[in-house]
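> Here are the chains, one letter per residue:
Protein chains: 2
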Amino acid sequence: MIKKIFFTPGPTELYPVVHEAIAQALKDNVCSINHRSSEFIEIYKSTDNSLRKLMDIPDENHILFLSSATECMDRMVQSCVINNSHHFVNGAFAERFFKTAIELGKNSTATVVEHGEGFDFSSIPDMSNSEMICFTQNETSTGVATELSRIYEIKDKYPEAIVITDIVTSAPFISPDYNKVDAAFFSVQKGFGMPAGLGVLVVNRRCIDRAEELKQKGYSIGSYHNLISLAEYAQKYQNTETPNVLAIYLLGKVCEFLNDYGKEKMREETIAKANMLYSMIDSSSTLRPLVKDKNIRSQTIVIAQTGERQAKIKQKLLNSGYVVGSGYGKYKDSEIRIANFPMHRIEDVRSISEILSSI
Amino acid sequence: MIKKIFFTPGPTELYPVVHEAIAQALKDNVCSINHRSSEFIEIYKSTDNSLRKLMDIPDENHILFLSSATECMDRMVQSCVINNSHHFVNGAFAERFFKTAIELGKNSTATVVEHGEGFDFSSIPDMSNSEMICFTQNETSTGVATELSRIYEIKDKYPEAIVITDIVTSAPFISPDYNKVDAAFFSVQKGFGMPAGLGVLVVNRRCIDRAEELKQKGYSIGSYHNLISLAEYAQKYQNTETPNVLAIYLLGKVCEFLNDYGKEKMREETIAKANMLYSMIDSSSTLRPLVKDKNIRSQTIVIAQTGERQAKIKQKLLNSGYVVGSGYGKYKDSEIRIANFPMHRIEDVRSISEILSSI
Numbered sequence: 003m004i005k006k007i008f009f010t011p012g013p014t015e016l017y018p019v020v021h022e023a024i025a026q027a028l029k030d031n032v033c034s035i036n037h038r039s040s041e042f043i044e045i046y047k048s049t050d051n052s053l054r055k056l057m058d059i060p061d062e063n064h065i066l067f068l069s070s071a072t073e074c075m076d077r078m079v080q081s082c083v084i085n086n087s088h089h090f091v092n093g094a095f096a097e098r099f100f101k102t103a104i105e106l107g108k109n110s111t112a113t114v115v116e117h118g119e120g121f122d123f124s125s126i127p128d129m130s131n132s133e134m135i136c137f138t139q140n141e142t143s144t145g146v147a148t149e150l151s152r153i154y155e156i157k158d159k160y161p162e163a164i165v166i167t168d169i170v171t172s173a174p175f176i177s178p179d180y181n182k183v184d185a186a187f188f189s190v191q192k193g194f195g196m197p198a199g200l201g202v203l204v205v206n207r208r209c210i211d212r213a214e215e216l217k218q219k220g221y222s223i224g225s226y227h228n229l230i231s232l233a234e235y236a237q238k239y240q241n242t243e244t245p246n247v248l249a250i251y252l253l254g255k256v257c258e259f260l261n262d263y264g265k266e267k268m269r270e271e272t273i274a275k276a277n278m279l280y281s282m283i284d285s286s287s288t289l290r291p292l293v294k295d296k297n298i299r300s301q302t303i304v305i306a307q308t309g310e311r312q313a314k315i316k317q318k319l320l321n322s323g324y325v326v327g328s329g330y331g332k333y334k335d336s337e338i339r340i341a342n343f344p345m346h347r348i349e350d351v352r353s354i355s356e357i358l359s360s361i
Numbered sequence: 003m004i005k006k007i008f009f010t011p012g013p014t015e016l017y018p019v020v021h022e023a024i025a026q027a028l029k030d031n032v033c034s035i036n037h038r039s040s041e042f043i044e045i046y047k048s049t050d051n052s053l054r055k056l057m058d059i060p061d062e063n064h065i066l067f068l069s070s071a072t073e074c075m076d077r078m079v080q081s082c083v084i085n086n087s088h089h090f091v092n093g094a095f096a097e098r099f100f101k102t103a104i105e106l107g108k109n110s111t112a113t114v115v116e117h118g119e120g121f122d123f124s125s126i127p128d129m130s131n132s133e134m135i136c137f138t139q140n141e142t143s144t145g146v147a148t149e150l151s152r153i154y155e156i157k158d159k160y161p162e163a164i165v166i167t168d169i170v171t172s173a174p175f176i177s178p179d180y181n182k183v184d185a186a187f188f189s190v191q192k193g194f195g196m197p198a199g200l201g202v203l204v205v206n207r208r209c210i211d212r213a214e215e216l217k218q219k220g221y222s223i224g225s226y227h228n229l230i231s232l233a234e235y236a237q238k239y240q241n242t243e244t245p246n247v248l249a250i251y252l253l254g255k256v257c258e259f260l261n262d263y264g265k266e267k268m269r270e271e272t273i274a275k276a277n278m279l280y281s282m283i284d285s286s287s288t289l290r291p292l293v294k295d296k297n298i299r300s301q302t303i304v305i306a307q308t309g310e311r312q313a314k315i316k317q318k319l320l321n322s323g324y325v326v327g328s329g330y331g332k333y334k335d336s337e338i339r340i341a342n343f344p345m346h347r348i349e350d351v352r353s354i355s356e357i358l359s360s361i
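These protein sequence lines are chains A and B, in that order. Add 2 to a position in the first sequence, counting from 1, and you land on the number used in the working numbering. Add 2 to a position in the second sequence, counting from 1, and you land on the number used in the working numbering.
Since the hints were derived computationally from the structure, they do not count as laboratory data. Check each hint, because a few of them may be wrong.
Pairs count within a copy or across copies, as identical chains cannot be separated in the list.
[What the hints assert, rightly or not] List of simulated lysine-lysine pairs, DSS-like, C-alpha gap at most 30 Å: (1) LYS108 - LYS219; (2) LYS101 - LYS314; (3) LYS267 - LYS294; (4) LYS296 - LYS159; (5) LYS318 - LYS6; (6) LYS157 - LYS318; (7) LYS219 - LYS47; (8) LYS318 - LYS219; (9) LYS108 - LYS6; (10) LYS217 - LYS101; (11) LYS6 - LYS332; (12) LYS219 - LYS267; (13) LYS108 - LYS238; (14) LYS29 - LYS217; (15) LYS182 - LYS332; (16) LYS238 - LYS6; (17) LYS314 - LYS182; (18) LYS55 - LYS6; (19) LYS217 - LYS182; (20) LYS55 - LYS294; (21) LYS101 - LYS238.
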């Protein structure tokens, strides 16, 4: 049987270093050590350091480990919002963030655009009353990337609000300037090529202060995973509960690998691979790019409209071992989503492009 | 270097089958498959079936996958409690459940006993107004086990309340009668000998109905991990978010192994090993059992008071490769906690007993 290589938006292909790191972890009893022990603290500290280096996260920001990106949304609303948040919704994951706030009883609002479209930043609503402004920088369901500069402009305009962005499928290719946003989060089964089960939330002091403010005013900010408890334990390189220790260990190993490899090199390669894929789609007679505006095309999630031939196209790729994603939700059978993460090799991207060109 | 064997209360020694199952998972791309795919659904269904068989969970109960036992406490309070819950607190983990309710803004109450003591069920407070009554059947910080019959009696007396029990360190040795409690939860890094990162919550229809009732009354019951959403997805053998897929897979493999091995045999062996440890402690001139009342001694967490010699005792065990736990919290340096889980072999328990007897 031909070996499968996953170009799915996540879960996706494991980074080769992950296989080695799992073997090492088992040998070193990483899954058996106590989560308050000095051995664990060393692992946590090492991961924290490597991730800061890879993603240029300043020392003053807190890196918090949760269980998924969805949980990051949930806990941020719980800890930082009394009445309302505003959401820039351009797909299913931005919608999930908005829905989270509504389900938590907030009077949240949203700016919504069509499938595959970006936002018109020349005409955005007044957000003076929004306590938190939420972006999905790289929307996995549509392959639309919002330029970071646009997010920074919103923060400039509304300095009182907490500005947060989902970078689930853009990290570590993209890392925002943490002086220009208050928080960002991602999960590890995408660009980090790891097994699912860990969410990473990066917050600044402002987010913690906001949680303190809510608490002092008598609001519940949640229990064991409220921002204050999470940050307090993170400063001791620990978690409030027994965390996914193996995932924290593996994240460190992937970051170390990428730091050694060179993050600039990884980013240049990502762009080169994305260019290859988009060029192929743009010149294809069968495929159409979902995102027409080249300025907002995601470099890490490349989506092509396939029309009725989707199943045949996916099968043709699979015959060579390549597993790509289907479209999201109602576009399930009419689009393919090709992930372009750091572990995806340029040779394979070239092969995929050639197969798709030949259709 | 001598091979370490972890007799810690959790994280603990991995079940040997876990090593093989991780290798198989990597080979079969378990960490890369889509969490909405038929392959994933098959894995989920298989784990659900094997766990039901092992723990005698009726078909009508929902098995929900969360990220930790602490999250199970959090979500149960969020989804099922408007004003108050009552907690039977005999240690740090029962205290955690109580604290969770308080942090979520509830007017909860507690019946508290001293370290190492059980409850006097002949004199319990009136709980007519408690919406949820919470037990920690096997308190990991004290090694006190509450008899299941006592918990069932409380349910009989307060049929309107949701009766829930933490079975974190007793599962799968113990599994309650799910017709006599409404909910139970555990994590997998204890008796299942797995890496940490998965919490399992078993609930009946009553819990879901209660969440529906709160929702209809206009209360927020939480977002993506509220009981209604969790149960809805669980019925499709999926999760609301991308879960810890590897852990769900591994749990299935451990359950399959134990079902083949024989759960009765596993339970008999657990009792035999516990008897060996308690006999040794009872007859020791150096050690004292923390739990004096033999009727409430945990079979899976055996605690001995060591006095000042604790570090030396732990070192002596470590010289033979055995890692045991320290006491919890302020008893850190004056107690040892020895886990007695299904993966712990009787030969090793005998060796530990002999080493401790010789001191």
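> Each of the hints needs a verdict: does it hold here or not?
The hints, checked one at a time:
1. With identical chains, the CA atoms of LYS108 and LYS219 are at most 30 Å apart both within one copy (17 Å) and between copies (16 Å).
2. Within a single copy, LYS101 and LYS314 get their C-alpha atoms no closer than 35 Å, and across copies no closer than 55 Å, so neither meets the 30 Å cut-off.
3. With identical chains, the CA atoms of LYS267 and LYS294 are at most 30 Å apart within one copy only, with a shortest distance of 27 Å there and 64 Å across copies.
4. For a Cα distance limit of 30 Å, the shortest separation of LYS296 from LYS159 inside one copy, 26 Å, qualifies, whereas the shortest one across copies, 67 Å, does not.
5. In this assembly of identical chains, the alpha carbons of LYS318 and LYS6 lie at most 30 Å apart only when taken from the same copy (13 Å versus 49 Å across copies).
6. In this homomeric assembly, LYS157 and LYS318 never come within 30 Å of each other (Cα to Cα): the closest approach is 45 Å inside a single copy and 59 Å across copies.
7. Taking the shortest Cα distances, LYS219 and LYS47 never come within 30 Å of each other, neither inside one copy (34 Å) nor across copies (45 Å).
8. Neither within a single protomer nor between protomers do LYS318 and LYS219 lie at most 30 Å apart by alpha-carbon distance, with minima of 59 Å and 52 Å respectively.
9. In this assembly of identical chains, LYS108 and LYS6 lie within 30 Å of each other by CA distance neither inside one copy nor across copies; the values are 44 Å within and 51 Å between.
10. With identical chains, the CA atoms of LYS217 and LYS101 are at most 30 Å apart both within one copy (23 Å) and between copies (15 Å).
11. When the C-alpha separation of LYS6 and LYS332 is checked against a cutoff of 30 Å, the pair qualifies only within one copy, where the shortest distance is 26 Å, while the shortest distance between copies is 52 Å.
12. With identical chains, the CA atoms of LYS219 and LYS267 are never at most 30 Å apart, being 48 Å at best within one copy and 55 Å at best between copies.
13. In this homomeric assembly, LYS108 and LYS238 come within 30 Å of each other (Cα to Cα) only across copies, at 29 Å, whereas the closest approach inside a single copy is 32 Å.
14. Proximity of LYS29 to LYS217 under the C-alpha cut-off of 30 Å is found in neither arrangement, the shortest distances being 44 Å within a copy and 48 Å between copies.
15. Taking identical chains as interchangeable, the C-alpha atoms of LYS182 and LYS332 are never at most 30 Å apart, the minima being 35 Å within one chain and 43 Å between chains.
16. Proximity of LYS238 and LYS6 under a CA criterion of 30 Å is satisfied inter-copy only: 26 Å between copies versus 41 Å inside one chain copy.
17. When the C-alpha separation of LYS314 and LYS182 is checked against a cutoff of 30 Å, the pair qualifies neither within a copy, at 45 Å, nor between copies, at 53 Å.
18. When the C-alpha separation of LYS55 and LYS6 is checked against a cutoff of 30 Å, the pair qualifies neither within a copy, at 32 Å, nor between copies, at 33 Å.
19. With identical chains, the CA atoms of LYS217 and LYS182 are at most 30 Å apart within one copy only, with a shortest distance of 25 Å there and 38 Å across copies.
20. Taking the shortest Cα distances, LYS55 and LYS294 never come within 30 Å of each other, neither inside one copy (34 Å) nor across copies (53 Å).
21. Proximity of LYS101 and LYS238 under a CA criterion of 30 Å is satisfied inter-copy only: 21 Å between copies versus 33 Å inside one chain copy.
The structure shown violates the earlier hints numbered 2, 6, 7, 8, 9, 12, 14, 15, 17, 18 and 20.
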